[in-house]
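Those sequence lines, one after another, are chains A and B. Just so you know, our numbering puts 264 at position 264 of the first sequence, and the rest follows in order with no gaps. Position in the second sequence (from 1) plus 780 gives the number in our numbering.
The hints are simulated quantities; they were obtained by calculation from the structure and are not laboratory data. Please read these numbers as outputs of a predicted model, since none were measured by experiment. Check each hint, because a few of them may be wrong.
Unchecked claim - Keeping only pairs whose Cα atoms sit at most 30 Å apart, straight-line, the calculated DSSO-like set for lysine-lysine is:
(1) A/492 to A/26
(2) B/971 to B/1247
(3) B/971 to B/784
(4) B/1279 to A/154
(5) A/357 to A/154
(6) A/353 to A/154
(7) B/784 to A/726
(8) B/971 to A/726
(9) A/681 to A/619
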Amino acid sequence: MTLLAIVISGFVLAVAAPWVTRATGKYAGWILAALPAAIAGYLISQVSSVASGQTVSVAYQWIPGLGIDLSFMLDGLSLLFALMISGIGALILIYAGGYLAGHPHQGRLFCFLLLFMGSMLGVVLAANVLTLFVFWELTSITSYLLIGFDHRRKEARAAALQALLVTGLGGLAMLAGLLLMGHVAGSYSISEILSRRDVLQSHALAPAITVLILVGCFTKSAQFPFHFWLPGAMEAPTPISAYLHSSTMVKAGIYLMARLTPALGSTELWQWLLTGAGAATMLAGALLAMRESYLKRLLAYSTVSALGIITMGLGIGTEKAISAAIAFILAHALYKGSLFMVAGAIDHETGEKDVDKLSGLRSAMPILSIVALLAAASQAGFPPLAGFVAKEMMLESALHAPIIAVALTAALTLSAALLVVVAGLVAFKPFFGGERPTPRHAHEPPLSLLLGPGLLAILGVAVALVPGTLADPLIAPAASATLGTESHTHFKIWHGFNLALGLSAIATGVGVLVYATRSRWMPLAGATAGLDRLSPTACYHGVLRFVTAFAESQTRMIQTGRLRDYLIVIFLVTIGVVSYPLITRVGPPVWNELGTLHWLDVGIAVLILLSAFAAVTAKNRLLAIIALGMAGLGVTMFYVIYAAPDLALTQISIEALSVVLFVLVFRRLPDFRSLSSRAGKLRDVLIACAGGAMMAGLVLMATSYPSATSVSRDLAERSYPDGHGKNVVNVILVDFRAMDTMGEITVLAIAALGVYSLLKLRDRIDEQPSASAPSAGGRA
Amino acid sequence: MSEKLALLVPEIIVFLTTCIVMVVGLSPNLAVRRSCGLLSASGLFIAAILAINGPAGDGLLPGLTPYIKAVIALIGVLLVMLVAGTVDREEDARVSRGGVFNALRTNRAEFYSFILFSLTGAMLCASASDLIWLFLALELTSLPTYVLVTMSTRGTRSQEAGVKYFFLGALGAAVFLYGFALIYGGTGSTKFVDIASIIAQQGINQITLAGMILAIIGVSFKIAAVPMHFYTADVYQGAASPVTAFLAFVPKTAGFVSLILLLALVGWDHGTDKVSVGHTLPSQLRLLLWVMAALTMTIGNVLAVVQSSPKRVLAYSSIAHSGYMLVGLIAGPGDYGAGFAHNGIAAVLFYLAAYGLMNVGAFAALAGLERRGRDGRPVEIDSFDDLRGLCAGRPLLGWTLVVCSLSLLGLPPLLGFFSKLPLFTSGIASGEIVLVIVMGINSAIAAFYYLRFAAVAMLEDPSDGPKPLAAPFPARAMSGLVALVLVISLSFFGDALMKASRNAAVVEGSGVRAVPASPSPGHKAGDRHDAASPAAAPAQRVGA
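For reference, chain A alone in the conformation it holds in the complex (with noise of 0.2 Å):
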């Protein structure tokens, strides 16, 4: 129960949160943070059972005949993700009332923030991969509102739609490798699908639910080569940059990850996909930050970064690199959420985003300065802070992993360096140095700005001083809810002097030497611009284009307008498909009735054919129509030869019909002219004689099925003493079907109406003075 509340609260606090801000004003965000606060508090209660393997789980109807129910669960990993996701959301809501004090749409952006909060709640609780799939999207949409908020911007829109494009396209795929993945465990439920470890990865669909899946939680995760809407999605004001895009939206797919990882986990694939995407994105995050002066998008590739190692954690799968990830994921939402907090208080009381204008700020502000000094000493990996635990054990993990050990190793080692450079450039070089003037003056931040960089700064060095109370508790659990079996490694500051420790001196000190030097350097990084021609983002841009032309090309090929290239189409296919049963055909050849032809069958037959030469070549559409019903006439008499002289009288006064009314109308149209070339001629001949032979192929073939000639014995005999008539045919028509001959009258009564509708039409539009002259085809 309570699960459920904490979930649907976030959704029922979002409806009220603007008429809350209304009503409040300038404290709706501290008022607004009790409810992830409260959250927080409740989830905190529960560390203990947790942590002593208790599950709390519940399950209630949604949508039972798919399979959906609002279904929750706490475990060890849901429990570290839904407090990192409560207890910061509580400190941004804090952090923008402050940030966006006075702002018109600040109810709006409450509104986001919780509905966001709520939807990745559901997204970490959730015990039904489809319901978690339907949170998953909510998150993309929440992002999509967010990150587009200021939206009179050009910018902020399109990276809007590109983070939603990548994540939504990325969410189809991993909707597809779910719905497989549950069709093989028989189970949408994630336990039950835990529990089919052997069903599925012997399955031959494994590789395809893998690669699906991973495709979702690569692009939620801002995995290479989908890692490029991240930056752009730092169009998004400074509170929602720090919330979704550093702290939890991104940690998503890390979560799900984590959540498979004990069915799909430590096959070969799984291990080459995260360990090759995650070094890939470490690296392209790592050097991309080098070329970037602006604050908040040096911290979205540090981020990207980041979670790359991360994600290689989880692709090594030892017990040691899982447990590092999960430190890690900790240590990055501490120390990350609190530099994109301070980068956010930096521009909002300067008034300035670019590095290398600032300068000196230590004393306008100097408590802002130690909050971000600690949390960038912790992103830098120095003791005695959670980044610096993190990077150890993930050094260790990557020196024992099973495959390329040596490779992952020195990619991280020079990922840990350059991150020692952006944790220079962001916390230390506005702070330090000469002053220098900004747009605003600069002055120190309110308590509203400062609380949550502080509050998590403080936490990143908590965690690790007391590592047994604060650490342990949440990182073993969700360690061993990732493993399927007990974890048993410990978060602790010292591991003694071992080989991960020296690699650490040495990308601490690389990077310290890199910062030191880097006007030097500078010029290198901007070298690799020329690369961008091949970047995922021109790519990006690349597909886009590519679907536009190639529906507009697609348009104008199938779209022509013109109904005779419909038509060609149409009889094309009906002819192709229609060939098939024909062509393929087994039983007694069709051919052996014809040796009893009599002359008079032939010389109708030729009197039908050039009738229907006739008319298709006539020059004058009166002409035209008499060919067409000498054609009729010669069809009824081959009724009245086989003694159908029923059906001939009503086959004869049906075709005197067609004929006047043909007349009738044709009268008012201009003569044929001569409108398409030689060539569109012979083709269109040519699709009329294989529209000719199918027909005649099928009659073959209908008469060749004895069983069709039955019924019409049994009504002629029936027909006097069951109907009074002698007439069979009209026999038919009143009484054995006489429900068919009424609604054939009720449609031919409506035809009327139409045409009468129509006719009405003409004259009003005659009286228009402007109706143009009518267009193709226009009037019949």
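Assemble chain B onto chain A, guided by the hints.
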């Protein structure tokens, strides 16, 4: 006969309403004339209630009859609200300015009666238990729509659209009529129950197969599927928006009902073994439908991407939705007694209802707006610019558009997602993995254009220059509101409708065949064998 008549009570009610409307619409009193819409809606509503409480049908899918009739009649009510003001607007204005009423210059009576006729035809399709009946019902559905298109706007474009629609429609009708004749030729009966039992006992012969192929191709006109989809672009564009909404739902529903009834003649019979998925839909028909489904959804989506007019986007995307639903037809009803998630027919029936609602909602937002043309006459809005900032300017229309277009995209947790999901799951359950992936890719393409509606209406600011006006017909916005409420509430409480569609999708024929007391037990064993070896199955049955 009286049982059949009892089955037809809802149609008879609609038909009687039609007759009343035809007279009332000619009244010299403007207020009386204006009651046409209300009368039509009430008639349809009564028919829907009667259909829900009415008897089951006498065909192969007895549950289908009341379900589809109720869906058609209820969405028909919304459509009738949506078409308010499409015709006779100037004539009414002239008369209320003191002009003399001239019955020959009004079109209201015919317009509403054609709408009702077409709805009657679609409902009759669901009652069909005989090929001839089905043909007549399909024609009754289509004939009025040709006229509706032509009379819906004053432009020559509508006339061109009407002519094209008529020609291709007549061709389609000829094709499926010929197919029906061949089915009769191959089986010796026009009654569905007889045909199904003959095919079940003797297998499907080549002539019946040719008949089925022609019938499917012909009916593909009604659902705007490849190869008969061409008209959609020109016709949907030429007709007035409310009429386009009508075309996108009513003939499509009639077409899908016909396809379900036709395919039930051959049967799906997935066998009892879930793992070794066995199609006994003859391989040729499966292949035909497969290619149709893949091409239809792809063409619809690709064409929709580049359109600059919101109406054309919705029109093209309606082709794509037909493609999605064809997947459910291929999947078939699954095992006898399969749950909703594995029953492709139930998925199609549910999708039809869901699509109808979302479609009305999206079109209501477009039809609720208009601009002044150069000559001062009201014209339809025709660009995305007119929708900019709609959520802020006209919240009701804006949010209706946003919610319905996102739902059409299939975004969770909206109705569209829950209606697309069973198509996926039933496709997977019947082994159509590739087709399901094609459908997934297409859903991705659809994101490109459906998101545009949401982005334009929600995020952008109104464009400079004159803003579009609200169309002076509250009924249009009202239909959008009702659709919006239903789409949202069905997203959370859709289970009852799913159960109903599940019950509607029970194929009696396969149940009959599952009973061992079949007259030819030897053949029964063959059927089981077929189910176990899918590749060999169609060849054996065809050869029989």
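Indices of hints not satisfied (ascending): Of the numbered hints, 1, 2 and 4 do not hold.
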